[in-house]
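Undergrad: Build out the structure end to end from the sequences listed, making use of the hints.
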Amino acid sequence: MEILLIVRFCCNCTYALLYKPINRVTRSTNVLHDLLKHTPSDHPDYPLLQDALRISQNFLSSINEDIDPRRTAVTTPKGETRQLVKDGFLVEVAEGSRKLRHVFLFTDVLLCAKLKKTGVGKHQQYECKWYIPLAELVFPSLEESDLCPHVQAMPDHDLEDMKIKISSMKSEVQKEKANKGQSRAMERLKKKMFDNEFWLLLNSPSIPLRIHNRNGKSYLFLLSSDYERSEWREAIQKLQKKDLQTFVLSSVELQFLMGSCFKLRTVHNIPLTSNADDDQPPGMCGFLHVIVHSVKGFKQSANLYCTLEVDSFGYFVSKAKTRVFRDTTEPQWNEEFEIELEGSQYLRILCYEKCFDKTKVNKDNNEIVDRIVGKWQVQLDPQTVQTKNWHLDVIEMNGVKVEFSMKFTSRDMSLKRTPSKKQTGVFGVKISVVTKRERSKIPYVVRQCVEEVEKRGIDEVGIYRISGVATDIQALKAAFDSNSKDILVMLSDMDINAIAGTLKLYFRELPEPLLTDRLYPTFMQGIALSDPSAKENCMLHLLRSLPDPNLITFLFLLEHLKRVAEKESINKMSLHNLATVFGPTLLRPSEAESKGHLSLASDIWSHDVMAQVQVLLYYLQHPPVSFAELKHNALYLSTDV
Numbered sequence: 001m002e003i004l005l006i007v008r009f010c011c012n013c014t015y016a017l018l019y020k021p022i023n024r025v026t027r028s029t030n031v032l033h034d035l036l037k038h039t040p041s042d043h044p045d046y047p048l049l050q051d052a053l054r055i056s057q058n059f060l061s062s063i064n065e066d067i068d069p070r071r072t073a074v075t076t077p078k079g080e081t082r083q084l085v086k087d088g089f090l091v092e093v094a095e096g097s098r099k100l101r102h103v104f105l106f107t108d109v110l111l112c113a114k115l116k117k118t119g120v121g122k123h124q125q126y127e128c129k130w131y132i133p134l135a136e137l138v139f140p141s142l143e144e145s146d147l148c149p150h151v152q153a154m155p156d157h158d159l160e161d162m163k164i165k166i167s168s169m170k171s172e173v174q175k176e177k178a179n180k181g182q183s184r185a186m187e188r189l190k191k192k193m194f195d196n197e198f199w200l201l202l203n204s205p206s207i208p209l210r211i212h213n214r215n216g217k218s219y220l221f222l223l224s225s226d227y228e229r230s231e232w233r234e235a236i237q238k239l240q241k242k243d244l245q246t247f248v249l250s251s252v253e254l255q256f257l258m259g260s261c262f263k264l265r266t267v268h269n270i271p272l273t274s275n276a277d278d279d280q281p282p283g284m285c286g287f288l289h290v291i292v293h294s295v296k297g298f299k300q301s302a303n304l305y306c307t308l309e310v311d312s313f314g315y316f317v318s319k320a321k322t323r324v325f326r327d328t329t330e331p332q333w334n335e336e337f338e339i340e341l342e343g344s345q346y347l348r349i350l351c352y353e354k355c356f357d358k359t360k361v362n363k364d365n366n367e368i369v370d371r372i373v374g375k376w377q378v379q380l381d382p383q384t385v386q387t388k389n390w391h392l393d394v395i396e397m398n399g400v401k402v403e404f405s406m407k408f409t410s411r412d413m414s415l416k417r418t419p420s421k422k423q424t425g426v427f428g429v430k431i432s433v434v435t436k437r438e439r440s441k442i443p444y445v446v447r448q449c450v451e452e453v454e455k456r457g458i459d460e461v462g463i464y465r466i467s468g469v470a471t472d473i474q475a476l477k478a479a480f481d482s483n484s485k486d487i488l489v490m491l492s493d494m495d496i497n498a499i500a501g502t503l504k505l506y507f508r509e510l511p512e513p514l515l516t517d518r519l520y521p522t523f524m525q526g527i528a529l530s531d532p533s534a535k536e537n538c539m540l541h542l543l544r545s546l547p548d549p550n551l552i553t554f555l556f557l558l559e560h561l562k563r564v565a566e567k568e569s570i571n572k573m574s575l576h577n578l579a580t581v582f583g584p585t586l587l588r589p590s591e592a593e594s595k596g597h598l599s600l601a602s603d604i605w606s607h608d609v610m611a612q613v614q615v616l617l618y619y620l621q622h623p624p625v626s627f628a629e630l631k632h633n634a635l636y637l638s639t640d641v
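Reminder that position 445 of the sequence shown reads as 445 in full-length UniProt numbering, one-by-one numbering, no gaps.
Note that these hints are calculated values from the structure, not bench results.
Fair warning: there could be bad hints in the mix.
Unchecked claim - Calculated pairs, DSS-like style, for lysine-lysine (alpha carbon to alpha carbon, straight line, at most 25 Å):
id : residue 1 : residue 2
1  : Lys-175   : Lys-190
2  : Lys-441   : Lys-430
3  : Lys-477   : Lys-504
4  : Lys-116   : Lys-263
5  : Lys-114   : Lys-192
6  : Lys-263   : Lys-114
7  : Lys-191   : Lys-165
8  : Lys-436   : Lys-477
9  : Lys-455   : Lys-562
10 : Lys-114   : Lys-217
11 : Lys-388   : Lys-477
12 : Lys-430   : Lys-477
13 : Lys-388   : Lys-421
14 : Lys-129   : Lys-114
15 : Lys-263   : Lys-129
16 : Lys-504   : Lys-567
17 : Lys-192   : Lys-99
18 : Lys-422   : Lys-504
19 : Lys-217   : Lys-241
20 : Lys-296   : Lys-354
Stated by the list, open to error - For each label pair, taking beta carbons as the anchor points, the in silico distance ranges come out as:
id : residue 1 : residue 2 : range
21 : Gly-297   : Lys-241   : 18 to 24 Å
22 : Gln-240   : Gln-152   : 28 to 34 Å
23 : Asn-334   : Phe-627   : 41 to 47 Å
24 : Ile-570   : Glu-172   : 37 to 43 Å
25 : Pro-140   : Glu-353   : 16 to 22 Å
26 : Glu-172   : Gln-237   : 44 to 50 Å
27 : Glu-172   : Gln-152   : 30 to 36 Å
It should be emphasised that the depicted structure is a prediction, and the values quoted were computed from it without experimental measurement.
Heads up, the beta-carbon is just placed ideally off N, CA and C, and yes, glycines get one too.
TA: This is the structure in structure tokens:
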């Protein structure tokens with residue numbers, strides 16, 4: 001009895017000393033969230049609440065990172081203790097097709113499982129597809145990975161088309177909720193959305209994670225980011241530093257382990273938005289401005305750079321890259337980037353050591369293999385980020401600190417076309433005014449940026465998709481606006497992504513789109529036509545209707561983008577990728593016109609935005625057509641009439 005009382009006393013003490021304080025912090029974090037929601041951003045206490053929330057979140061994150069994996073331990077039939085260290089859903093390439101697997105990493109074994117389909121009301125079970133004792137698991141060298149079969153990536157246009165469908169279904173679901181529609185219709189929509197999201201989840205990942213069993217059997221997973229690949233490799237390699245023994249699981253042991261997987265799993269649902277709770281935030285849409293200031297804590301000098309990733313439809317996309325800082329332990333970038341968010345919830349910062357050895361090329365993606373030396377993930381909290389001022393933050397992992405700042409701009413604010421007050425400049429000035437002043441057919445800024453990209457940027461991975469440094473783009477903008485004599489020198493010295501960003505900014509800041517406000521409704525109608533012949537007649541007639549400077553510049557840009565897409569195997573930019581980048585920029589109406597034609601909703605994948613992408617894609621995929629040919633046909637048609 002006394003022993004029982006002592007045990008109860010110890011348990012109560014443990015709860016009071018360990019769990020109660022953490023529970024208080026969790027409750028306090030929730031309270032701070034609620035306070036921020038109901039506190040005006042101009043209130044004097046708002047910044048203090050933001051700082052308190054950030055400190056509280058960072059504390060909870062560090063607690064979660066340091067939790068001992070022994071809390072997920074299971075005792076085997078032989079009396080041994082096996083601990084679950086990590087688990088998650090991964091896409092495996094098996095027998096030539098993609099399969100969704102739930103992968104479990106224990107302290108001595110990696111297990112790949114499939115969730116078995118069971119009847120209604122029955123207990124879910126896992127089916128083991130294979131397992132490898134960690135003592136037998138090896139990662140292939142770069143040379144060995146070259147011998148593995150190449151994985152065919154899903155075409156970008158198929159992925160983008162699926163995003164359009166999912167976005168449309170999300171809108172329908174929201175309408176059903178608002179109208180309190182019938183549950184059957186809602187369930188059908190959700191089921192269809194789940195199927196489409198599942199397809200996207202299977203077919204989006206393209207970064208290979210190959211593992212071998214020492215007996216010769218190989219397995220291949222596909223991930224969406226270097227971040228996940230690095231996490232899985234590091235977790236496995238850390239466990240392999242211990243004295244591990246090989247073994248063979250009997251059928252009883254394997255069945256017992258599969259049962260423990262279901263109980264111990266930390267990831268319960270497939271990462272789809274259709275699986276998310278209704279009260280879960282939908283993610284942020286708009287533009288995230290990020291300044292990467294510095295990274296401190298490296299012990300050895302190296303050539304370092306950072307990349308920025310955000311999630312989109314359940315997988316991560318690289319959006320920006322800093323310049324390489326050579327031979328340093330404390331790189332000071334202070335580079336600003338504008339990143340487009342597509343329902344995003346997380347920002348990832350990855351720091352790489354640059355490899356200049358051109359012989360080390362990964363055959364899977366034709367890129368030189370750079371080594372990850374640091375990685376961090378930040379949850380995008382709308383209450384914290386959506387302020388007019390920059391929000392400075394510092395995050396730390398393994399003794400390495402990264403300092404960065406963020407602020408968010410909604411799409412309706414950042415996509416406004418505001419005419420320039422200085423008509424002597426180039427940006428924000430009508431294209432007809434610029435070409436007449438310059439006595440040119442194509443604006444000088446367009447021609448120079450295109451020439452520079454074709455000279456040294458056409459092989460750059462993610463050209464036009466990867467964001468350039470904002471300060472460099474603004475410097476180029478100022479030089480073009482003032483007609484500086486140093487423009488050509490600046491262009492030759494400037495990072496190519498900044499030059500690509502300057503070209504995009506020029507078209508984005510035109511007081512009216514290159515394809516004009518007047519013709520916008522007809523472009524939307526023309527691209528929706530189902531008859532191919534009628535569509536071609538309409539779309540070519542619309543080109544003939546453009547003012548000459550607009551048409552000549554558009555045709556010049558089309559041919560440039562086609563040349564970029566010809567190097568898709570190297571730069572990873574397909575026609576569809578380029579249409580996604582430039583479509584809204586060339587078609588989005590000015591603010592006055594947009595009220596009648598375009599709803600500037602927070603969702604980037606709105607119907608109108610996707611239609612804008614389809615318009616540009618149509619012209620990119622159409623056989624080349626010259627200005628003279630279009631004008632000749634226009635004259636012929638008018639004479640014929």
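Undergrad: Hint by hint, say whether it matches the structure.
TA: Structure-based check of all given hints:
Restraint check for Lys-175 and Lys-190: satisfied, since their Cα atoms lie roughly 13 Å apart, inside the 25 Å limit. Pair hint Lys-441 plus Lys-430 holds up; C-alpha atoms about 13 Å apart against a cutoff of 25 Å. Taking the CA atoms of Lys-477 and Lys-504, the gap is near 11 Å; set against the 25 Å cutoff, the hint holds. For the hint pairing Lys-116 with Lys-263, the CA-to-CA distance comes to about 15 Å; that is within 25 Å, so the pair holds.
Between the alpha carbons of Lys-114 and Lys-192 the distance comes to roughly 22 Å, so the proposed pair stays at or under 25 Å and holds. Among the hinted pairs, Lys-263 with Lys-114 is consistent with the structure: their alpha-carbon atoms are about 15 Å apart, no more than 25 Å. The straight-line distance between the Cα atoms of Lys-191 and Lys-165 is roughly 13 Å, inside the 25 Å bound, and the hint therefore holds. A threshold of 25 Å between alpha carbons decides the hint, and for Lys-436 with Lys-477 the separation of about 20 Å falls inside it, so the pair holds.
A C-alpha spacing of about 15 Å is found between Lys-455 and Lys-562, which places the hinted pair at or below 25 Å, so the restraint holds. Taking the CA atoms of Lys-114 and Lys-217, the gap is about 19 Å. The hint holds against a cut of 25 Å. Pair hint Lys-388 plus Lys-477 holds up; C-alpha atoms about 23 Å apart against a cutoff of 25 Å. This hinted pair checks out: Lys-430 and Lys-477 have alpha carbons roughly 16 Å apart, not beyond 25 Å.
A threshold of 25 Å between alpha carbons decides the hint, and for Lys-388 with Lys-421 the separation of about 23 Å falls inside it, so the pair holds. At most 25 Å may separate the alpha-carbon atoms for a hinted pair to count; Lys-129 and Lys-114 meet this at roughly 7 Å. Distance check on the hinted pair: Lys-263 and Lys-129 sit about 18 Å apart at the alpha-carbon level, within 25 Å; holds. Between Lys-504 and Lys-567 the CA atoms are separated by roughly 20 Å; this keeps the pair inside 25 Å, and the hint holds.
Between Lys-192 and Lys-99 the CA atoms are separated by roughly 19 Å; this keeps the pair inside 25 Å, and the hint holds. For the hint pairing Lys-422 with Lys-504, the CA-to-CA distance comes to about 20 Å; that is within 25 Å, so the pair holds. Simply put, Lys-217 and Lys-241 have alpha-carbon atoms about 22 Å apart, close enough for the 25 Å limit, and the pair holds. Distance hint between Lys-296 and Lys-354 is fulfilled; the C-alpha atoms sit about 17 Å from each other, no more than 25 Å.
A hinted range of 18 to 24 Å for the beta carbons of Gly-297 and Lys-241 is consistent with their spacing of about 22 Å. At about 31 Å, the CB distance of Gln-240 to Gln-152 agrees with the hint of 28 to 34 Å. For the pair Asn-334 and Phe-627, the supplied restraint of 41 to 47 Å holds, since their beta-carbon distance comes to about 44 Å. Checked against the hint of 37 to 43 Å, the pair Ile-570 and Glu-172 passes, with Cβ atoms roughly 40 Å apart.
Checked against the hint of 16 to 22 Å, the pair Pro-140 and Glu-353 passes, with Cβ atoms roughly 21 Å apart. At roughly 46 Å, the beta-carbon separation of Glu-172 and Gln-237 lies within the given 44 to 50 Å, and the hint holds. For the pair Glu-172 and Gln-152, the beta carbons lie near 32 Å from each other, so the given range of 30 to 36 Å is met.
Hint violations for this structure: none, all hints satisfied.
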